[in-house]
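Trainee: Sequence:
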Amino acid sequence: MASQNMDPAAAAASTTAALKGGEAGGSAARGSVSKRLQQELMTLMMSGDKGISAFPESDNLFKWIGTIDGAQGTVYEGLRYKLSLEFPSGYPYKAPRVKFITPCYHPNVDEQGFICLDILKEKWSALYDVRSILLSIQSLLGEPNNESPMNAGAAELWENQEAFRAHLHATYKS
1 MASQNMDPAA
11 AAASTTAALK
21 GGEAGGSAAR
31 GSVSKRLQQE
41 LMTLMMSGDK
51 GISAFPESDN
61 LFKWIGTIDG
71 AQGTVYEGLR
81 YKLSLEFPSG
91 YPYKAPRVKF
101 ITPCYHPNVD
111 EQGFICLDIL
121 KEKWSALYDV
131 RSILLSIQSL
141 LGEPNNESPM
151 NAGAAELWEN
161 QEAFRAHLHA
171 TYKS
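Under the UniProt record's numbering, the sequence shown has 41 at position 41, and the numbering climbs by one with no breaks.
To be clear, the hints were calculated from the coordinates, so they are not data collected in a lab.
Errors might be hidden in some of the hints.
[Stated by the list, open to error] Pairs of lysine-lysine residues, derived as BS3-like cross-links and limited to a Cα-Cα distance of at most 30 Å, are as follows:
hint, residue 1, residue 2
1, Lys-50, Lys-63
2, Lys-94, Lys-35
3, Lys-94, Lys-82
4, Lys-63, Lys-99
5, Lys-50, Lys-94
6, Lys-35, Lys-99
7, Lys-63, Lys-121
8, Lys-121, Lys-82
9, Lys-123, Lys-99
10, Lys-123, Lys-63
[Stated by the list, open to error] Just the calculated beta-carbon pair ranges, DEER-fashion:
hint, residue 1, residue 2, range
11, Arg-165, Lys-82, 18 to 28 Å
12, Lys-82, Gln-161, 22 to 32 Å
13, Gly-31, Glu-162, 45 to 55 Å
14, Gly-153, Gln-72, 22 to 32 Å
15, Ser-32, Gly-78, 33 to 43 Å
16, Gln-161, Asp-49, 19 to 29 Å
17, Gly-73, Ser-174, 18 to 28 Å
18, Ile-101, Arg-165, 31 to 41 Å
19, Gln-72, Glu-156, 24 to 34 Å
Being a predicted model, the structure only gives us computed values, none of them experimental.
In this text, a Cβ means the ideal position worked out from N, Cα and C, and glycines have one as well.
Using the sequences plus the hints, can you model the full thing?
Mentor: As structure tokens, then:
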């Protein structure tokens, strides 16, 4: 290792230079994230998928507002949910932070709107994009994972779809 034989002052200068280079690299990385997000926005707009949409919040490309319509044939049919998506500078290698803005009564959503979905956590891959995230959440609405609920009451009630639907529609706020 070359740094073992390096003068401490020179080593400090080298570290400072590397950090400054890292900052410039961070700016370049942010630019590539912006480019990726712009491509994803175009893909989403051109996809024609029904029941999902997302757009940057004002002029900040790193914060989006998404919408998901409940899928036909599920207790969520006819309901529309808003979500926030926040993209880290390490995106797409780090998952975005996604949460419901519209309160969502669901076994895999907590009271703050956070979602328990493996692709947003340990199963995240840089191959996922905004479209696949929204489609996965839309699918999760109709097919919850009751093995790991964030809302135990909703998980219990899920077994009785009529009662679940009644509670869901009684508490839904758009």
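Trainee: Next step is simple, just say for each hint if it's right about the structure.
Mentor: Against the structure, the hints come out as follows:
Distance check on the hinted pair: Lys-50 and Lys-63 sit about 22 Å apart at the alpha-carbon level, within 30 Å; holds. Simply put, Lys-94 and Lys-35 have alpha-carbon atoms about 16 Å apart, close enough for the 30 Å limit, and the pair holds. Between Lys-94 and Lys-82, the direct Cα distance comes to roughly 22 Å. Compliance with the 30 Å bound is thereby established for this hinted pair. Restraint check for Lys-63 and Lys-99: satisfied, since their Cα atoms lie roughly 12 Å apart, inside the 30 Å limit.
Our distance criterion of 30 Å between C-alpha atoms is met by Lys-50 and Lys-94, whose separation comes to about 27 Å. For the suggested pair Lys-35 and Lys-99, the alpha carbons sit about 23 Å apart, so the restraint of at most 30 Å is met. Using a Cα cut-off of 30 Å, the hinted pair Lys-63 and Lys-121 holds, with the two alpha carbons roughly 19 Å apart. A distance of roughly 20 Å separates the Cα atoms of Lys-121 and Lys-82; the hinted pair therefore holds under the 30 Å criterion.
Between Lys-123 and Lys-99 the alpha-carbon distance is near 17 Å, which keeps this suggested pair within the 30 Å criterion. Pair hint Lys-123 plus Lys-63 holds up; C-alpha atoms about 22 Å apart against a cutoff of 30 Å. The given range of 18 to 28 Å is respected by Arg-165 and Lys-82, whose C-beta atoms sit roughly 21 Å from each other. Between Lys-82 and Gln-161 the beta carbons are some 24 Å apart, a value that agrees with the proposed interval 22 to 32 Å.
Checked against the hint of 45 to 55 Å, the pair Gly-31 and Glu-162 passes, with Cβ atoms roughly 52 Å apart. At roughly 26 Å, the beta-carbon separation of Gly-153 and Gln-72 lies within the given 22 to 32 Å, and the hint holds. With their beta carbons about 40 Å apart, Ser-32 and Gly-78 fall inside the hinted range of 33 to 43 Å. At roughly 25 Å, the beta-carbon separation of Gln-161 and Asp-49 lies within the given 19 to 29 Å, and the hint holds.
Separated by about 21 Å at the C-beta atoms, Gly-73 and Ser-174 satisfy the suggested range of 18 to 28 Å. Separation of Ile-101 from Arg-165 is about 22 Å and departs from the stated range, judged on CB atoms against 31 to 41 Å. For the hinted restraint 24 to 34 Å between Gln-72 and Glu-156, the CB-CB distance of approximately 25 Å keeps it satisfied.
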